[in-house]
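Number of protein chains: 2
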Amino acid sequence: MRRLIILTEGFTEPIAAKTASNVLRYRPHEVVALLDGAHRGQTAQQLLGVGGSTPVVARLDEAPQANTLLIGVAFAAGRLPARWRQVILQAVGLGLDVVSGMHHFLADDPEIASLAASSGSRLFDVRRNDEREVASGRAMRENCLRVHTVGQDCCVGKMVVALELSQALVAQGHDAKFVATGQTGIIVEGDGCPIDCVVSDFVSGAAERLVLANQRRDILLIEGQGAISHPRYSAVTLGLLHGCAPHAMILCYEAGRTAVIGMPHIPLQPLGMLRKIYEMMAGLVCPSRVIGVAVNSRRLSDAQATAERERVRNELGLPVCDVLRDGASELTNAVLRMRSARQSFISSSAS
Amino acid sequence: MRRLIILTEGFTEPIAAKTASNVLRYRPHEVVALLDGAHRGQTAQQLLGVGGSTPVVARLDEAPQANTLLIGVAFAAGRLPARWRQVILQAVGLGLDVVSGMHHFLADDPEIASLAASSGSRLFDVRRNDEREVASGRAMRENCLRVHTVGQDCCVGKMVVALELSQALVAQGHDAKFVATGQTGIIVEGDGCPIDCVVSDFVSGAAERLVLANQRRDILLIEGQGAISHPRYSAVTLGLLHGCAPHAMILCYEAGRTAVIGMPHIPLQPLGMLRKIYEMMAGLVCPSRVIGVAVNSRRLSDAQATAERERVRNELGLPVCDVLRDGASELTNAVLRMRSARQSFISSSAS
Numbered sequence: 001m002r003r004l005i006i007l008t009e010g011f012t013e014p015i016a017a018k019t020a021s022n023v024l025r026y027r028p029h030e031v032v033a034l035l036d037g038a039h040r041g042q043t044a045q046q047l048l049g050v051g052g053s054t055p056v057v058a059r060l061d062e063a064p065q066a067n068t069l070l071i072g073v074a075f076a077a078g079r080l081p082a083r084w085r086q087v088i089l090q091a092v093g094l095g096l097d098v099v100s101g102m103h104h105f106l107a108d109d110p111e112i113a114s115l116a117a118s119s120g121s122r123l124f125d126v127r128r129n130d131e132r133e134v135a136s137g138r139a140m141r142e143n144c145l146r147v148h149t150v151g152q153d154c155c156v157g158k159m160v161v162a163l164e165l166s167q168a169l170v171a172q173g174h175d176a177k178f179v180a181t182g183q184t185g186i187i188v189e190g191d192g193c194p195i196d197c198v199v200s201d202f203v204s205g206a207a208e209r210l211v212l213a214n215q216r217r218d219i220l221l222i223e224g225q226g227a228i229s230h231p232r233y234s235a236v237t238l239g240l241l242h243g244c245a246p247h248a249m250i251l252c253y254e255a256g257r258t259a260v261i262g263m264p265h266i267p268l269q270p271l272g273m274l275r276k277i278y279e280m281m282a283g284l285v286c287p288s289r290v291i292g293v294a295v296n297s298r299r300l301s302d303a304q305a306t307a308e309r310e311r312v313r314n315e316l317g318l319p320v321c322d323v324l325r326d327g328a329s330e331l332t333n334a335v336l337r338m339r340s341a342r343q344s345f346i347s348s349s350a351s
Numbered sequence: 001m002r003r004l005i006i007l008t009e010g011f012t013e014p015i016a017a018k019t020a021s022n023v024l025r026y027r028p029h030e031v032v033a034l035l036d037g038a039h040r041g042q043t044a045q046q047l048l049g050v051g052g053s054t055p056v057v058a059r060l061d062e063a064p065q066a067n068t069l070l071i072g073v074a075f076a077a078g079r080l081p082a083r084w085r086q087v088i089l090q091a092v093g094l095g096l097d098v099v100s101g102m103h104h105f106l107a108d109d110p111e112i113a114s115l116a117a118s119s120g121s122r123l124f125d126v127r128r129n130d131e132r133e134v135a136s137g138r139a140m141r142e143n144c145l146r147v148h149t150v151g152q153d154c155c156v157g158k159m160v161v162a163l164e165l166s167q168a169l170v171a172q173g174h175d176a177k178f179v180a181t182g183q184t185g186i187i188v189e190g191d192g193c194p195i196d197c198v199v200s201d202f203v204s205g206a207a208e209r210l211v212l213a214n215q216r217r218d219i220l221l222i223e224g225q226g227a228i229s230h231p232r233y234s235a236v237t238l239g240l241l242h243g244c245a246p247h248a249m250i251l252c253y254e255a256g257r258t259a260v261i262g263m264p265h266i267p268l269q270p271l272g273m274l275r276k277i278y279e280m281m282a283g284l285v286c287p288s289r290v291i292g293v294a295v296n297s298r299r300l301s302d303a304q305a306t307a308e309r310e311r312v313r314n315e316l317g318l319p320v321c322d323v324l325r326d327g328a329s330e331l332t333n334a335v336l337r338m339r340s341a342r343q344s345f346i347s348s349s350a351s
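In the order they appear, the protein sequences are chains A and B. Following this note's numbering, the numbering of the first sequence begins with 1 at its first residue and continues without gaps. Following this note's numbering, the numbering of the second sequence begins with 1 at its first residue and continues without gaps.
Keep in mind that the hints were calculated from the coordinates and are not lab data. In this text, all values refer to a predicted model and were calculated from it rather than measured experimentally. A few of these clues could be false.
[Claimed, not checked] Computed beta-carbon distance windows for the label pairs:
1. A:340 / B:49: 50 to 58 Å
2. B:10 / A:141: 30 to 38 Å
3. B:348 / A:191: 55 to 63 Å
4. B:62 / A:129: 38 to 46 Å
5. A:142 / B:58: 29 to 37 Å
6. A:350 / B:52: 36 to 44 Å
7. A:286 / B:343: 40 to 48 Å
The beta-carbon is built from N, C-alpha and C at its ideal position, and this holds for glycine as well.
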C-alpha cells in the first residue's frame, strides 16, 4: 500500500499541480501530505480546493508515515528543476519510492538511480514507454462504444470528465472503463498509456493498442490530451484522436479562459468552430460527433455557472454540465443515448 | 569523403527503398553500389529508375571501395529485420561506418555497438534526437517566406518537391534553403530534424526551432511528413505543420493511387478536401494557403501525365506540375508570386 507525500514545492495551485489535485480527488486514502515549504501548516483544501485536511508540510520528516514521494506537478519541458532534485535525492536517500510523470526520467538520471540502487528505493517513471508500432487500422469491436474527451485547451478537465463519466456509468451498472492517456490518469487508474511521451510516429499506434486492449468493455471513456488547435500539443491530440477513433466526443473547456494557457498572445478558438474541426478531423478515420460539452466553471459563482451553461446549451444545442458542480448525469445520459442509437444501428445492420 | 554501399536487400523498388533512391538522385557521387543478392548484376536505374549504372552487388566484398554502409529502406515499425542484422554486423566487422535512419538505433544495440567499438566503425543514427522543448509560439522573421510541402499520403514525393524547388530557386539566384524533416532529407542535406522520431509533446517545438535556426534565409522549403488524414502519421503531420507555421503549402500526391499506402482498405481523401483541411488546420496557427500542386506521375505515360495535370489544374485552379517530369518552374513561379505579394504587404504595413 503506497502512502504518498506529494511534491508541489512552489506550484501548489490547481492548474500547475493538477497531478496533485487529481490524486487527492481520486486516491485520497493514499495521500499523507503535500510538500511545499512556503505553505507549511495550510491544508490541501485551502490551496487546491480539494484534499480536505491533508496537511502541507515543509520537510519529508514531517510526514514520517509516507513511503512514496509523488511528483505532483507536470512541467511543460523535459527538465527537472534544480531545487526539486534535492528533494528527490533526499527522499531516495531515506528509502522512499518515487513516482514521477516527468519527461525527465528519474531512472535515467545517474545520480538519482545510483542512490536508489543503494537505498532500495524504487523509481517509477510513469511516462516511460516503449511504443514502437504504427497503427494497424484494423476494425474495432462494434459493441464497444468509444467516447473521447477533447478540449479547447490544456488543463480544462478532460481527464476529470472522462473519469467522472466512467464512475457514474459504473455506478449505474454499466460496463464502462476510464482509459488513461496521461501520467495523472495512469497514476489514478493504475493502467493506460502516456501518449504525449510516445515517439510521434507511434502515437496513433499506441492509442489504437490501448483501445484494442480494453474493447471487451461496453463503454470506454478515453481521456483526451492537449487541443487540436494548440500550438504546442496538437500532434498529441490528433494522433490520439485518430488512434482511438471515437464514436462520440465530449468537448471540454474552462469558462472565462480566453487565451491558450501559458501563451497569453494566442486566443482560444470558439467552441462552435472546435466542434466542427474535431468532428471533421475525427471523421477522417471514423464518423464521430460531439454529443455534449463539459464546462469547467471553477472560477464562476453558482449563478454565473448556471448562466454559462445555458448560454452554451443555446449556442451549440448540446447537453452541457460541469461534472464536479452539477454531477455527470446530463453527459452520461448523452452517452447512453448514443449507445442505444448505435446498438439499434448494429442490430438492424445484422438482421 | 563517404563512399556508400546502400543496403536495400529484399526491398530494391522505388517506394520501399526511397532513402536509397533519393540518395542516388541527390548524392550520386557518393554511391558505390546497392546491396541486394536477389538482383546482383543489375543496375540501380533498372530497379529504382534512378542511379544510372550504379551496380547491384550481393556481398560487401564486391564493393571494396565503400567505406560506409547506408541503410536504404525506411521500415514502418521500429525493429531491425534479422537478415539485415547480419549484414550490418558484417559491415561493422570490416570497419565500415554505418548510417541508419531506422527507429531501431544501432548505437543502442549492444551487439552492434560493442563490435563497432572494437572495429572502429562509427554508427550514425540519423533519427536520434533529444528534442525536449515545447513550441514557444514566438514571432518568426517576417521576411522569411515559409513554404511547406504537404501530402495526400506518405511516399508521394514531399521531400523531392521541397528539394527540387529549393534547388531551382537557388539556381535562379534566390536565397532559398531546403529544410529537412526526415531521415533521407537529412542524409541528403546534411542537417535537419527527424521529426517523426521526436517525442510527441515536442514535435511542434522541434519544428519551430528548425525554422528559427534557418530564418535568416529568404525562402524556406520545409519538407512535409505523412498526411493530415493518415491513420498512422497524422500526429507527425499536424505537429510539424503547426510548428513550422507555413505561409504557403504545396499539396503533393501520386497520380493513380486510390488508397493509403500499405492500408488498401482505407481510401485516400480527395485533393480538394485536403486543400481545405490543410488550410484550415494551418490557419489555426498562421494564415496559410495551398499555392500549387505537385503530382508524382511516375506510373503515367507522358500523355497521361499531361491529361492528369490539366484535370487537376481545372479542378483546383492551381499551378500543377511533376517536378521531375516537367521541371519545377510552374511551382517556383507560384512561390515567387507569393513572396512578392508578402513583401508588398510587409512594406505597406511598415509604411
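Hints, one by one, checked against the model:
no.	hint	in the structure
1	A:340 / B:49: 50 to 58 Å	holds (56 Å)
2	B:10 / A:141: 30 to 38 Å	holds (35 Å)
3	B:348 / A:191: 55 to 63 Å	holds (57 Å)
4	B:62 / A:129: 38 to 46 Å	holds (42 Å)
5	A:142 / B:58: 29 to 37 Å	violated (50 Å)
6	A:350 / B:52: 36 to 44 Å	violated (59 Å)
7	A:286 / B:343: 40 to 48 Å	holds (44 Å)
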